[in-house]
Structures are given as C-alpha cells and as structure tokens.
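Q: Below, each chain spelled out in residue letters.
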Amino acid sequence: MLPIILEATIGAGLAKMGGAIGAGFAALGAGFGIGRIGGSAMEAIARQPEASGDIRANMIIAAALVESVCLFAVIICLLAVVLQM
Amino acid sequence: MFSKICKALSVVVLLFAMPGGFAAMPSQEELPGEVTTVEHETATPAEGTGAFNPGDFMFDHIKDAHEWHILTVGHNHISIPLPVILFSKSKGVQVFMSGKFDHGQSTYKGFRIETTGENKGKIFDEDGTRPLDLSITKNVAAMFFSIALILWIFLSVGKAYRKYPIKAPSGLQSFVEPIIVFLRDEVIKPAIGPKYERYMPYLLSVFFFIWINNMLGLIPIPPGGANLTGNIAVTMVLALFTFFITNFSGNLNYWKHIFNTPGVPVWLKLPIPLLPFVEFLGVFTKPLVLMIRLFANITAGHIIVLGFISLIFIFSEMSAGLAYGVSFVSIAFNVFITFIELLVAFIQAFVFTFLSAIYFGLAIEEHHKEHA
Chain A
0 MLPIILEATI GAGLAKMGGA IGAGFAALGA GFGIGRIGGS AMEAIARQPE
50 ASGDIRANMI IAAALVESVC LFAVIICLLA VVLQM
Chain B
0 MFSKICKALS VVVLLFAMPG GFAAMPSQEE LPGEVTTVEH ETATPAEGTG
50 AFNPGDFMFD HIKDAHEWHI LTVGHNHISI PLPVILFSKS KGVQVFMSGK
100 FDHGQSTYKG FRIETTGENK GKIFDEDGTR PLDLSITKNV AAMFFSIALI
150 LWIFLSVGKA YRKYPIKAPS GLQSFVEPII VFLRDEVIKP AIGPKYERYM
200 PYLLSVFFFI WINNMLGLIP IPPGGANLTG NIAVTMVLAL FTFFITNFSG
250 NLNYWKHIFN TPGVPVWLKL PIPLLPFVEF LGVFTKPLVL MIRLFANITA
300 GHIIVLGFIS LIFIFSEMSA GLAYGVSFVS IAFNVFITFI ELLVAFIQAF
350 VFTFLSAIYF GLAIEEHHKE HA
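Going down the list, the protein sequences come from chains A and B.
One point on numbering: in numbering that gives the first Met the number 0, the residue at position 25 of the first sequence is 24, and numbering is uninterrupted.
One point on numbering: in numbering that gives the first Met the number 0, the residue at position 197 of the second sequence is 196, and numbering is uninterrupted.
It cannot be assumed that every hint is accurate.
Beta-carbon label-pair distances, calculated as ranges [claimed, not checked]:
no.: 1; chain 1: A; residue 1: GLY23; chain 2: B; residue 2: PHE338; range: 23 to 29 Å
no.: 2; chain 1: A; residue 1: PRO2; chain 2: B; residue 2: PHE283; range: 23 to 29 Å
no.: 3; chain 1: A; residue 1: GLY23; chain 2: B; residue 2: SER155; range: 46 to 52 Å
no.: 4; chain 1: B; residue 1: TYR160; chain 2: A; residue 2: GLY23; range: 48 to 54 Å
no.: 5; chain 1: A; residue 1: PHE71; chain 2: B; residue 2: PHE338; range: 57 to 63 Å
Please keep in mind that the hints were generated in silico from the structure rather than gathered at the bench.
We put the CB at the ideal spot given by N, CA and C, even for glycine.
Okay, chain B solo, but in the shape it has when bound (with noise of 0.2 Å):
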C-alpha cells in the first residue's frame, strides 16, 4: 500500500520536475525586453542612470532570470544567486552560481549574461551562440520550493488518512478535504463518468499545482513571488499533458467524431473534409487556449500591480509631493487588485482542471444512439 503511494508519488513528482526543464531556458518567452528605439535608453545595473523605466521595470519582474533579486538600495543589488548549469560544444559542462556574472557587469569563463536588448538575461557565449542552458533559474527554484510545500501537505494528509481511516479530519485535513470532494463531484464525477478515478490523480495534482503557484506569485517575499504560472513554458507543458492524455485515452468514438462527425451532411466531409479539417484543428486549439488562458491571466494580474507601482515612480520623477499622494491610491488599486488575483488564482486553476476534465470526458465517451 504504501510502495503504491511511493510510486504514485515519485511519477507525479517526476512529472511536475520536467517544467523545470522547459522553464530553465528563458528563451521560449513571448515578451522580449522593450524596444530600445532610438530616442531612449534602457538603464543598466552598471550605469545606474537613476531614471525609471517602467517597462524594464515590469518585464524584469515578470521574467525568469538567474538570480532572485530582492533589493535594489542606490547602485547594489542584493538578490540570491543561483546554480548555472550550462551545457556548451567547446567547454563542455560548466556549474557555476550565477554570483560570478556580478548582474551582468563581468564575464566568467567566457560566458556572459546579455543586459540589454532582446536577449536580456540570457547567457552568452564569447563567440556570440548560447549554450545549452538548463540552470536552477529563479522559476525552478520556486517550482522546488512549491512542489516541496505541495508534498508537505498531501503526504502528511494522506498518512493521516492511512493512520486514522475512520477519524473525522482534523488540522490540514479538514482544509483538504472539502476542497477535493468538491472537485470530486462537482466537476470531474460529472464531466468524466465512470472512470473517473483514473484520471483523478492528474487533475487533482494539475489543480492544486496550478492554485499553489499563482498564490505564491502574488507574495513579494522569495520564495514567492516568482511568476512561475506566467511563464508560458510551464503553462505549455501542463497544457501537453492534458493533450497527451487526451488524445492517448481517446476511444474508435472519439475519433470517429473528428474525423467522421456522425449526423452532419455528406458534402461537408466529401470530397473537400472540411468538418474533420477543422475539428482536426481542435485537437490542437483546446490545449492551446488553455495554455495562453492560464499565462494570459496571471501575467496580466502580475503587469497591472507593477503598473500602478510604477505610476508612483513616473510620478516621482515630477514632483515628491505627486509622488506620495499618488502612493496612497496606488496602494489602494493594489490591495484591491490583489484581492481580485486571489480570486483569478483560484479560478484559473479551477477553470485549467475543469476543462482538461471535460475534454477527458469527451475522449471517453461511449456511443448513445441518438438518432432522432
């Protein structure tokens, strides 16, 4: 029972590990750093021009980087340093804390990390490639610290479940519980059938994985406050997962409603398939959407906190006074708003796990005969 509870375990840990992967390489992002256009400069840490930018400011903060930065005071940065783990064709493996690059103002071995421009935060190599770049960025190793919580939780919930199996729930478990059962009947009992309980373990696991992250992103404080469901390579992976299984667990029925829809007329599917064109699209666009909806969400509930507090700093630049009186309103558009992403955070997860249900239920589903 137990060795049972290992292996589901390990296979969900190992699973929620291979983000890691796709979120260590600070590439797949869909938002560059700003335009440097001709008329303005982005200030680096080594200038430290004093003017604010605010879209440094916002898309610093939304991006993955190789460091945790946690203060600015005047010209130093105080950030945690973090593992670089870099996979380069002529030096080979090369493991390093990302201390040595000194917020870009040195290069280590020949590796630097760009400052400006397009490529911001990414590492480079003398000869101007980049190597293969599998670090321990800031969003791994909040994804570490969030799946270590999650583990905290649910281990010791389920082994107070295995030790006291007729106890009513007490302590962490009478938080858990109502929150599963609900999940349970409210959304994947209906939405899936009868063989729910195959593809509960996943759902639950993508719902409390999902929850989690968006709530720890709405704290300042590391380890929170990493934007780690805003990275649209995390967001991708879960969204290939519910694709895969999906269309692996996919029966004749399912495909045949693809590729064949029952019911439709003839010309729509000969001698031009425009139907099966289209639902074949399908396939493709539902884990698509659900993977944009979900970083979409987030990351906008991240840009407009970081816009109202930089409306305080454009302000600043005017006037101390401006400054200070915008602060008052600006915080209190921030509390607000963070009530609201509390709230997002919650529904993102439930509307991901929801969805992935329904599109199971669909892949399911038996025949009815429902001719009219």
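If we strip away everything but chain A, and leave its shape as in the complex, we get (with noise of 0.2 Å):
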C-alpha cells in the first residue's frame, strides 16, 4: 500500500518538475529569439531611420511568430503539471 502511495507521489513531483524546467527553457528560447528579432530591427532602423515604420510591423510579425513557438511548449508543460495520469 504504502510503495503504491509513494511512487503515485514521486510521479506527481517528477510531472511538475519537468513542467516548470520546460517552460522555464521555453522562456529562454523566446527570450533569445526576439531579442535577436529585436536587436537587428535596432540596427536595421539605425542604418535608416526613414524605413522605421516597415521594419517595426514585420519586427512585430517575426515575434507573434516566435512567441507562438514559445507559449506551445508552454502549453505543454501545463499539461504535463496538470493532467493526472
């Protein structure tokens, strides 16, 4: 009975482990991306200011893009913490 309990535990703490180490590398990843995204629309505005507005709409493309990558594997960690199997 009491091994049942235990191992039923350990995999719940497993589950919420490996939910919160995902989403914490899935924030990494969006961080590095649309800071990359981020910091070549800086210099491509530097290089000329006049096209400021183009790049800043398909800046904002290129990062929904990315985030949406992001908040997937976001999704999934909440399933892993959530789901009770």
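Work from the hints to combine the two standalone chains into their complex.
A: Structural data, given as structure tokens:
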C-alpha cells in the first residue's frame, strides 16, 4: 500500500518538475529569439531611420511567430503538470 | 443592394454562431481542473473551507461555466444564471436555468453539476453519463454580446457609407475606416494579389471578431471577462474556417506544390514520398498552429493576471500586512501586464488575419515561370 502512494507522489513530483523546467527553457528560447529580432530591428532602424515603420511592422510579426512556438511549449508543460495520469 | 448586404451579413452571423455550438461543450478544453492528489483538497463552494486554492481560482476563471460568476461575498456566490439546454437519451430535451443547480449543491431532474476533479463544471446524468450539452454557457453568452456589438458597429458604419457615399467619414466611420484600409492595403492585397476582394469579408470579419473578443476578455465586469478566444474550441473553429477556405480555393498549382514540388530532386519524391508527406502534414499543421497560437497567447495573458492577483491572497494567509504590501506591487504589475495584453489582443488578431491571407494567397497563386 505505502509503496504505491509513494510512487504516485514521486510521479506527480517529477511531472511538476519536468513541467516547470520545460517552461523555463521555453522562456529562455523565446527570450533569445525575440531579443535577436529586436536587436536586428534596432540596427536596421539605425542604418535607415526612414524605414522604421516598415521595420517595426515586420519585427512585430516575426516576434508573434516566435512567441507562438514558445507558448506551444508552455501549454505542453502545463498539460504535464496538470493532467492526472 | 440592401438585400445583398443582408444576405452577406446573415451568412457571417451564422458562420460565427457556429463556434457557439462547439464552445457550449466545456469538454473540449485541454486544461482540466487541478490535480487532486493525496495531500490536498479542493475547497468546494458547499464546504467553504476558506483556504485559498490558487490553481482552482485560476482555472475557474479561465474555463467555461454554466453561470456567469460576478462576486463571492463570504459564502454567497453572486452570479448570473444561464440557460441549460440538454439532450439526454432517457429524458429528451431539457431546458432550464442553471440557478436550479444552486452552485453545484443540488440536483435537478436527475442532473447535477460536477464540482470537483477533472470534470468540474460539467453536467452529469444520474446514471453517470453526460447528456448532449448545448447550453448557453458563459462563453456563448459572451459571444452573443460581442456579435451584437460587432453588428451594431459595422451596420451603422455601412449605413453611413451607403447613405452619404461622397461625404467624408465621421464618428465611428473615422475609427473603422483607417483600420480596414490598413488591412486591405498593407496585409490583404500584398498577400493575395488581384483577386483579394473574394477573401476580404472573411478576413475582415475574423480580424474584428478576434480583436474585439480579446479586448472584451480583458474587462473584468460582465459582459466582458469571459475568455472567449482563450477557449480552444473557438479558436479551433476559426482555424477550421481558414483551413476549409484555403483548401477549397486551392488551384492545381497549389496541390502540385504539395504533392509534386517543382525544382526538387526526384529522390525526395520517389520511391519514398518524403517531401509530399511533409508538405501534406503542413496542410494540417498550419491551421493547427494558428489555433494554438491564439489560444495560448490569450490564456497565458489571463493566467498571468490571475497569478499576480492570487499572489495577494497567498500572502494574506501568512499575514495581513504582507498582503497589503504585496498588493501594491501586484496591482502595479497587473496594470503593466494589462497594457501589454491590449497590445497582444491587436497583434494576435493581426497575425491570425495576416497568416490566413498568406495561406489564401499561396492557394490561388498562379504558376510563375521561374526556371533558372
């Protein structure tokens, strides 16, 4: 009886740890990606200030696309933490 | 002219009432309630243990429900009851207000609302099965409100344009026109090309639907605050619309690019069709990613705000002074995050529309002679 409860608790604990670490990595990835996008957007605006409107629009689109991948990972981590299987 | 507009409008309204059918079934969610492990108990409304459970608090505010909860004062829940429409095999059609369930404490005609565990908030029959549930839940009611709002805005703008076609825009027109012109000239025309007018109604409708529902979800007072676009069933239906329109308007060139991509070495297509398989998967993953992107962004925004608020209550269980101190920081963060969420509301609507336009453009693209 006791080993089964212990195993279930350890399993749930591992799931939470995996979920939290995964979400951390996802945030890391999003930070790197969007940071690079923002950085190159800044450089491009510095080189050609009159194109800043175009550059801004494209930067936002690229950032949204990168962020969607990060949030996909966050959803998977949330599932890992919350599903009782 | 007027009948044409009426027909177009009725199609749009019916098209957007379809998510109601899907959204009315809370079982489509990917996020079931908190795990009830051996250690902790979820506080049910009937017991009112007083312990604050942040997981339950957050998921209750994100998920769909059969009543629209406004406040909880002590042990009293103040909420707006919503109609429950059930089709059960044994009892036929049942229509009643969800107030009969008394927040999960009583049963009505053998039906009860599950209050704990994975199936929290869902209606069960006495024999343990679930009837076909097409109730007007919180999300459906919110969608009716936002549809009414959208119809009011655009019907009045359209009427103003029809009545005085030469007059300069004023009032609501001058708010809506720059947005529509921006979408048409910067997003839809470059993406689709000369035949863009066929797809304009759908793309504009989806943009304003997503944007207005995202913004309404940020208002904590009913009829706002219902997290409609954070319901994966709703975003799934929107992505399905894009999927069907893309594939039904795909021409031969489009399908050729998927199954027999030109300019690619033959060993990728024959004997094992690697590239066609990947491209065929791409037909399904593109709308899937649209669905997940919108759902995850909006739900994540709500979870962040709810998390900062539950921080106050978690600290209040340790000491009242700590709670007051944390509340300043928490509210400041919440205001900041809400500003970002306003931006995200627009960006997500824009990205959904932009990517749908790109997919339509790819579907109707004619063959270019680009042999080097």
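Q: All hints are to be evaluated individually against the structure, with a verdict given for each.
A: Against the structure, the hints come out as follows:
1. A/GLY23 <-> B/PHE338: 23 to 29 Å: holds (25 Å)
2. A/PRO2 <-> B/PHE283: 23 to 29 Å: At 44 Å between Cβs, range violated.
3. A/GLY23 <-> B/SER155: 46 to 52 Å: Holds, at about 49 Å.
4. B/TYR160 <-> A/GLY23: 48 to 54 Å: holds (52 Å)
5. A/PHE71 <-> B/PHE338: 57 to 63 Å: Cβ of A/PHE71 to Cβ of B/PHE338: about 25 Å, so the range 57 to 63 Å is violated.
Hint check: violations occur at hints 2 and 5; the rest are consistent with the structure.
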